[in-house]
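All chains should be built: construct the whole structure from the sequences, respecting the hints.
4 protein chains.
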Amino acid sequence: MRIKQRGVLFVVLVHLLFAALAAGQTKREINFPDILGYKTLKCDLHMHTVFSDGMVWPTVRVDEAWREGLDVISITDHIEYQPHKQDIPTNHNRPYDIALGRARERNILLIRGAEITRETPPGHFNAIFLQDVNPLDTEELTDAMKAADKQDAFIFWNHPGWKPEHKGWFDIHTTLYENKWMRGIGVANGDTYYPEAHQWALEKNLTMMGNSDIHQPALERETSPENHRTMILVFVREKSVPALKDALVEGRTAVWLGNQLIGKRKYLRAIFKKSVEISKPYRSYKGTVWVEIKNHSDIDIEIGRVGKQGPGTLTLAANATTIFKTKVDEAAEEAELSYVVRNFRIAPDKGLPVSLKIDLK
Amino acid sequence: MRIKQRGVLFVVLVHLLFAALAAGQTKREINFPDILGYKTLKCDLHMHTVFSDGMVWPTVRVDEAWREGLDVISITDHIEYQPHKQDIPTNHNRPYDIALGRARERNILLIRGAEITRETPPGHFNAIFLQDVNPLDTEELTDAMKAADKQDAFIFWNHPGWKPEHKGWFDIHTTLYENKWMRGIGVANGDTYYPEAHQWALEKNLTMMGNSDIHQPALERETSPENHRTMILVFVREKSVPALKDALVEGRTAVWLGNQLIGKRKYLRAIFKKSVEISKPYRSYKGTVWVEIKNHSDIDIEIGRVGKQGPGTLTLAANATTIFKTKVDEAAEEAELSYVVRNFRIAPDKGLPVSLKIDLK
Amino acid sequence: MRIKQRGVLFVVLVHLLFAALAAGQTKREINFPDILGYKTLKCDLHMHTVFSDGMVWPTVRVDEAWREGLDVISITDHIEYQPHKQDIPTNHNRPYDIALGRARERNILLIRGAEITRETPPGHFNAIFLQDVNPLDTEELTDAMKAADKQDAFIFWNHPGWKPEHKGWFDIHTTLYENKWMRGIGVANGDTYYPEAHQWALEKNLTMMGNSDIHQPALERETSPENHRTMILVFVREKSVPALKDALVEGRTAVWLGNQLIGKRKYLRAIFKKSVEISKPYRSYKGTVWVEIKNHSDIDIEIGRVGKQGPGTLTLAANATTIFKTKVDEAAEEAELSYVVRNFRIAPDKGLPVSLKIDLK
Amino acid sequence: MRIKQRGVLFVVLVHLLFAALAAGQTKREINFPDILGYKTLKCDLHMHTVFSDGMVWPTVRVDEAWREGLDVISITDHIEYQPHKQDIPTNHNRPYDIALGRARERNILLIRGAEITRETPPGHFNAIFLQDVNPLDTEELTDAMKAADKQDAFIFWNHPGWKPEHKGWFDIHTTLYENKWMRGIGVANGDTYYPEAHQWALEKNLTMMGNSDIHQPALERETSPENHRTMILVFVREKSVPALKDALVEGRTAVWLGNQLIGKRKYLRAIFKKSVEISKPYRSYKGTVWVEIKNHSDIDIEIGRVGKQGPGTLTLAANATTIFKTKVDEAAEEAELSYVVRNFRIAPDKGLPVSLKIDLK
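Protein chains in written order, with this note's numbering: chain L, 33 to 393; chain D, 33 to 393; chain A, 33 to 393; chain S, 33 to 393.
Incorrect hints may have been included.
The list treats identical chains as interchangeable, and a pair is accepted whether it falls inside one copy or across any two copies.
[To be verified] Below, a list of computed lysine-lysine pairs in the DSSO-like style, where the Cα atoms sit at most 27 Å apart:
| id | residue 1 | residue 2 |
| --- | --- | --- |
| 1 | K305 | K71 |
| 2 | K393 | K271 |
| 3 | K271 | K298 |
| 4 | K306 | K326 |
| 5 | K305 | K326 |
Note that these hints are calculated values from the structure, not bench results.
Dropping the structure here:
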């Protein structure tokens, strides 16, 4: 796009977009609807800094989160693993303390957390909503868990499918589960999906978690449907620490991983319903209608036909309107197309059944 | 973003986005707010096809418009200039007739129009809302104008700054103006801005127009703040042909050219007000606040400080949230920052004055 | 990127890149190496204009080809199918005649061609290197073929997998093949791959073809690894019409479809060898080396390990350098890693075996 | 681009590009030609880590440099300013020591350096090619300079235009200059150009420097013409520390800032000549030729006509071919078009004069 005007002899190129973004001062919001009377918070509750094996200063995690449109983060440096210890003496509470001022300025809810780190099995666990990380620095795992529990932490198993040769649900996990020292489980971590963990979450009513576990600096300038960190959508009464904890305890989450949304049927259905808007169609010939569907969310919704009417598959592109043509019963006042949302997973091998209602009156 | 899962031995790369867009089946809506009780239609009322000196079949203009999120188009092939005549015999009404079915399927309002083409001066004029183009194919310009007027057309002067060596307002323009054979004027055409035309529009109360005048195929896959065709925003009572004509006659337009919006103060002010949302700020130190401003529109809003408070210049990026820090009077209940929107032009050299109100209670 | 300088009070945004590209004046070359003493031409020998069922004026096909870095095109409008006939009277030779001047200016080799169009079976065939299309406009298919053959045309079967319910190799195809009225076959057409046709090409020594068959305007601003039209690489003695024909007759082609290259083993191997450059590695510990591989071509080369050394899979990104770490025999002077290039298809289910030699001296 | 194949029931979306880049394993090379018998190294000799006021761990600077295609970097943390001292005790040599292993694996030449930091005036100075940073940690500036000089460091003034209210060439600068404690000067730093420094560099024969001075994590996934860090091109005999130092001492540099190249006439001319390739033109009519110019470099070359022939202005887009039409003397065997390269600055207000020779034989 060029603008010509008289008298402009000297052209000044201003790469405005990059300048603004480089300064970290602009963010695009993440688009997922509020549902069922709850506000939808975008959360990443697993990340690292130079204080354990991460590569950035704690404030960077706030800047990244703001830029990417997150509402809540928890810095969860390893308690037991600090490869930079020679240069940065152990101080478990510093990442939170350093980042807090910036988080407030950026309107990011910062949760104090830590990663309890043991060989697999049992594996790694995040404890969040802590007041003090130090008491968790114990020899025995159960002591760390008790210390976290004493602070009324919410604890979750991070990446149950990690180290495939050692993976599985062991007695220790039963112990943690029964003591409520493990109330959530990562159905995803970073870019990886764990179908077993998803299954366990359904069977044992564990809260479904999925976070970035980011160690490197984030390269995203903003969140987009094609490129985003793995995050949890948490459905809260309000944006506050207590409300967030309530929601996690009660399992009100969904996980956004790549082009998939993983969660309980009722939450995924509510997101679908609020995201999708079907136009009144145009009838071109007898029995043929043109239908526009708007998708107001940030996820491309991939649907496959279950019934007899409608296109075989369709991608309702994020933040866009998709048009398609279909045959309908001419006499009917409404058509109801049966589909399954393939990338909304309500179980490891199960998409979300939905119905698209088209007003033919 | 990578998704790993067990058992995927054969990887299938699906460039889904491009596939969908290539098929022309997905569009991103253009974001400008409805204002002052009117609906804001995005219109391009000047374009060409193979039936004059354009390079595409008429239905392509509908596909492009749909893909780019337009609501209204008019195909305005030259009446007097048909370089493809050897292969495509003259038939002034065909572009509209050919494109109509597709326009209906795509929910695009298609307006029958034509470009009355004379040497400059007087230049080129678009007549739209015609029933039949043929009566306008006359030797004398005034006869063509009368024929258009007889059909109650809306006629506008397309690119008054074209051919700089011959430009200017001549007696013929006064004649056209006084007979209401010219009720609008292009303050922009394609990528070019015409400051004199803008001045004339203000002085003579001509409706401000600005269209693409596209001849080549459009290469945009969608409309974006960085790359969009020049278009008119028309503020209408409803999306219909009569309502559109009323709005044009009454001058309810603004022109989106590159990173600028050109129009009357009242319309630009209303767009600014509905596009911009200022958060309740966070007070970090005494007298220092952090303010977030969301811009819900598709235009980067570039503001410069007029008063004493606030950053010197700021770009409120389109569809994004911008954060800045400023000093305020600690005791005040509200701060009011005086700015001018540099790229909202209410006159050739004049931006739109605005006030940013920050709630300090 | 921002450049600040004294005295710049008025900022002028110039979207330079888009402006230049919109004008169609800039192209990025397509990167595939010349091989085996031949020059590699990038060709699209199947496309349509408004003269049959395409959507653009013939010169647009030249502009698109130039912009996308092609060397050779053939406009192949249907002889028997002209849905725009009401407006554009049949004239089979016009698309070539209209486009020729522009092609010369743009240094594009334009080949006169046409699509002989019959129900499937037998299907659609392109005849190229014609002097006059008119004699091919016959009732009987064989008459058309004879007329093309009389002009010493090269004829190929376009999309043998089209209309799956009717597909297959029928007697008529044997007739065409035995008379040399069909010397090439589309192993791909548009975005679709035809494994049966690929198999037939191998068995019957038919030249492998793969073209865009584009009807709509092309939306690509340039050719990129992620988004490009399907095209044929033809390995010629020189850029001329006779040399191109020789190469086609002799089967010196490969087809670039999505992220795949389809062709005979010897051509794909030569492209691999000339595209890939392996650095002298850095030894970090005993037996561990860091190796950089440059890929100078426009295709992401996806390799999978066959032997025991080296990473399991690796994508050698187009026009980029990939680094990896591997263990080697410390005492050896050279390591030879056995891989298969998964996306270089030498048969429907067979990748190209390659060996990566690493100099350890 | 879509690839359809039989039997693919389950689609797996693999955002391959992002995956590869996120892993930091792929880089695109920076394209500038080797000139005058020298190899052109791309260098950034000014950057920070958590060991002073930077935001990343030292190895991140290596990863970023590799990804962006740099050959040489120097980490130059402030000696006198360490805001993270509470958590990271001062240890001037650690950033280099930590980053060295990674640099070797990535084939990056890492130079030990530090920033000598004083109020402006005199300002900030980088000393590079140090063996030990500690002796430079002195009270007096001249002592630090002497300590650096004793190690045979190359010292340059970083951002002479910083803090405009205090800027200028003071006696202290004369002292540094005369003692050869300042042999280079930043004509650019980060995104800012310093015309006075450019003038001083020309008058006093100081080596022209220009670096990123990066503190935040780099967000670039690769270097591109539109978005790249400010860097120095250094023309060396070979890629080695001594050869680099020689080149800096002898002033063999050019600075790439935004869309500009700043340097001595002979280097910029050599880059232009090796970057630009003019095709043998096509003559369309009498005296009209079509000329293609390839630009093999990573900078858009913006030329403006000085003579009478050729287009008024032209952007030779980076890594692309530009076509234009011009009139020439029909009888001539060669046309020579006189231009100035506007964005190759040989002095603050002076572009590089060039001549485009077109072979008309």
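Status of each hint after checking the structure:
1. K305 x K71: Result: close both inside a copy and across copies, 15 Å intra and 26 Å inter.
2. K393 x K271: between (42 Å within a copy, 20 Å between copies)
3. K271 x K298: Answer is within: at 21 Å inside a copy they meet the 27 Å cutoff, but 37 Å across does not.
4. K306 x K326: both (11 Å within a copy, 22 Å between copies)
5. K305 x K326: Both, since 11 Å and 26 Å are each at most 27 Å.
When held up to the earlier numbered hints, the structure conflicts with none and fits them all.
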